Amino acid sequence: MIKELLTLEWKAFFRSASLGKNIAVKVFLGIMAIYFLSIFLLVGIGLYSSLQNYFPDTEPIYIVNKFLLYWLLVELVFRFIVQNIPIINVKPLLVQQISRSKIVHYVLVKSCFSFYNSIILFMGIPFIWISISKNSLTPFQFFSWLIALFFSVLFIQFLSFIVQRWFASNLKAMIIFLFVIAGIYLLEYLDVFSLATLTGRFFDSVLLYPWLALVPIFLSFMVYSVNHKQILAYFYVDAYLKEKQTDYKASDLTWTNRFGALAPFLQLDLKLIWRNKRSKSTIYLGLLFLLYGLIFYPNETYQQSTILVFVGIFITGIFMINFGQFIPAWDSTYYSMLMVQNIPMRLYLEAKVLLMVMSICILTILSSAYVYFGWNIFLINISCALYNLGVNIPIILFFGSYNKKRIDLNASSMMNYQGMGIAQWIVGIPILLIPMIIWGVTKMFTDEMVASSVLGILGIVGLVLRKPIMAAVTDQYLYKKHKTIAGFKEVQS
Amino acid sequence: MININQIVKAYHGQVVLNIPALHIPRGESVGLVGNNGAGKTTLFSLLLDLIVPDSGEIKIDGQVVFSNDSWKKITTSFLDESFLISYLTAEEYFYFIGKLRGVNESEVDRLLEMYKDFFNDEVLGKKKYLRDLSKGNQKKVGIISTLIGDPQLIILDEPFANLDPSTQFRLKSIIKELASTREKTIVVSSHDLSHTVDISDRILVLQKGVLIQDIQTSAETLVELEAFFNQLDA
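Protein sequences appear in the order of chains A and B. Quick note, in our numbering, the first sequence goes up one by one and the last residue is 493. Quick note, in our numbering, the second sequence goes up one by one and the last residue is 1234.
Hints are computed from structural coordinates only; laboratory data are not their basis. If you're wondering where the values come from, they're calculated on a predicted model, not measured in any experiment. Errors might be hidden in some of the hints.
[Said to hold, decoys possible] Here are the simulated lysine to aspartate or glutamate pairs, EDC-like style, with alpha carbons at most 16 Å apart: (1) A:LYS489 with A:ASP408; (2) A:LYS483 with B:ASP1054; (3) A:LYS481 with B:GLU1081; (4) A:LYS489 with B:GLU1081; (5) A:LYS489 with B:ASP1080; (6) B:LYS1172 with B:ASP1192; (7) A:LYS271 with B:GLU1092; (8) A:LYS271 with B:GLU1091.
Turn these sequences into a full structure, and let the hints guide you.
Below, the structure is given as structure tokens:
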């Protein structure tokens, strides 16, 4: 049974239209994985001695325990952003002689073998190994600690699935969640109630009473069953229909008429974004990531650093990145129809460009509040915005012409959640790295002002050359038209 | 109107369509029949430049279809639900198509008024997105959308499938009315032999990618076709 399901997935992967791209992506991810795993391994090995240096009086493991809650929170956030809810195309299997419960178990257990779960092991095992040799506690006690930690991580993983599903069906819940997290942090900060110390003390006790490791094991089984129940409930074809059929909300989009020929496409795109969960979240993410600057700007060490360019491009361009990289896949379900209509490809693309331009302008205006942290930051952001407008938009569009993966807008949560896996962020690398390199190198030979101006000028050049650039991008899309149509016909599984 | 010349299309080494020559003049109403896998949808996809032929060319109104845009002004089509935009209401979809074809909203409304009966009060004014309509109603929207903008060539792939019997009859009368003016070229594929015979002047029979029959409709055509498919290897 499991063998059958595994074979199905194997075939699906190798027979998909985007196999070449998938393999390249997987190879790249594989190399990154090896790189990061070796880093974690080194951390695990070196952790004991470095902790001994900094805190000579305390056994390193007790120090580690104090910070475990923070590690678990990082894991939660990381999994939420990067790890996809396990999915499987269920419709063809529904009427077959496979027990639905078994299929769900298969999918969930498979996720336990995720690469991300090995991180904690790569760090924990060497650390434990060294601790055992240098400490009086028995190996059994240390290994039960490791097991407790591992199952806590599994608990976090399954929790992140539940949270992701929760957000997918109710975007506003994200705000509630953030408030809760902020509240806990505030309590910690004001020394009223420290969840971190509590977690620390729990793990300390696991060392003394190894049977306590059963608690995280039990907790992870609990969230596992919650996941199982939730997924099973959606194991019906009309699961989507169970969610409230959204009522038609009339929207007044007559202001788009000022854009002339682009108006019908603009209206269509706005309706697309607003009436579909998957695309709507790009807006919310865009607004949410405006706050990204708060992580970097207050910190003195980051002043003058190239990372500011990353932040600038990211903040002003988050919608451009999230929306732009899936052009034209947003329209994949009806791409054929658009291609048989009397629509010049140029117009179609220009409407998308207009949307991205508007988003960059809005985000730049909103982010101008960051001038509070200094005029240089404001300047960097402006030049990043210009660079996004002139250079990154055509780049993203160009890469979009290679998109062949269909996006089913109707698919909401559960079985068809096409989440943002790590592969989706790869397109961000040239978008973010290139301006960082340009800025950093220029700054080395001149100064910050000149570096920012260079980015800004490149952006202006891109804007000036908009016509020929768009002509070239349009030709590229026309060249790829038939391959794109064929790829979009493939329903994802 | 349509000129097909030496068209060959193959998938994985197997030829799925091979038509040396086919000419459909203006104003003709053509029915395309054939068993599954005969190549009907492939032919339509080639006509609309959705797939590329391995050899040969197709011309609509004298212009080559491949990577050309001029035929789009005079051609409308509805192949399957992938031609619908799921998150629009029926009216919004019609208005959108109208805008693309240079037809303003009031003209679209007038057209929809003409075909009110076809919708049977289930589609218009319901404030429902297309994705929430039944398959049959979605089909109705797609079919009527091909009538917007006074097209000269209308291509419909199995429009009768999924329609209830009364709607099928209404569709037949709509197509017959359009064909009667002899100004529009209409190409319809169907598995329903009696419907096809009823609405077409000319019937093309495809079998495994090859045109095996090309007949002008007459009184005996239905009987002939039925006998033909009865003895045909599927």
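Hint check results:
Restraint check: the Cα-Cα separation between LYS489 of chain A and ASP408 of chain A comes to about 11 Å, which is no more than 16 Å; the hinted pair holds. Of the pairs offered as hints, the one joining LYS483 of chain A and ASP1054 of chain B holds, with about 14 Å between alpha carbons and a cut-off of 16 Å not exceeded. Distance check on the hinted pair: LYS481 of chain A and GLU1081 of chain B sit about 20 Å apart at the alpha-carbon level, beyond 16 Å; violated. Only pairs whose Cα atoms come within 16 Å are accepted, and LYS489 of chain A paired with GLU1081 of chain B is accepted, the gap being roughly 11 Å.
Between LYS489 of chain A and ASP1080 of chain B the CA atoms are separated by roughly 11 Å; this keeps the pair inside 16 Å, and the hint holds. Straight-line distance between C-alpha atoms of LYS1172 of chain B and ASP1192 of chain B comes to about 12 Å, which keeps the hinted pair within the 16 Å bound. A distance of roughly 10 Å separates the Cα atoms of LYS271 of chain A and GLU1092 of chain B; the hinted pair therefore holds under the 16 Å criterion. Between LYS271 of chain A and GLU1091 of chain B, the direct Cα distance comes to roughly 14 Å. Compliance with the 16 Å bound is thereby established for this hinted pair.
Violation of the numbered hints given earlier is confined to hint 3; every other hint is satisfied by the structure.
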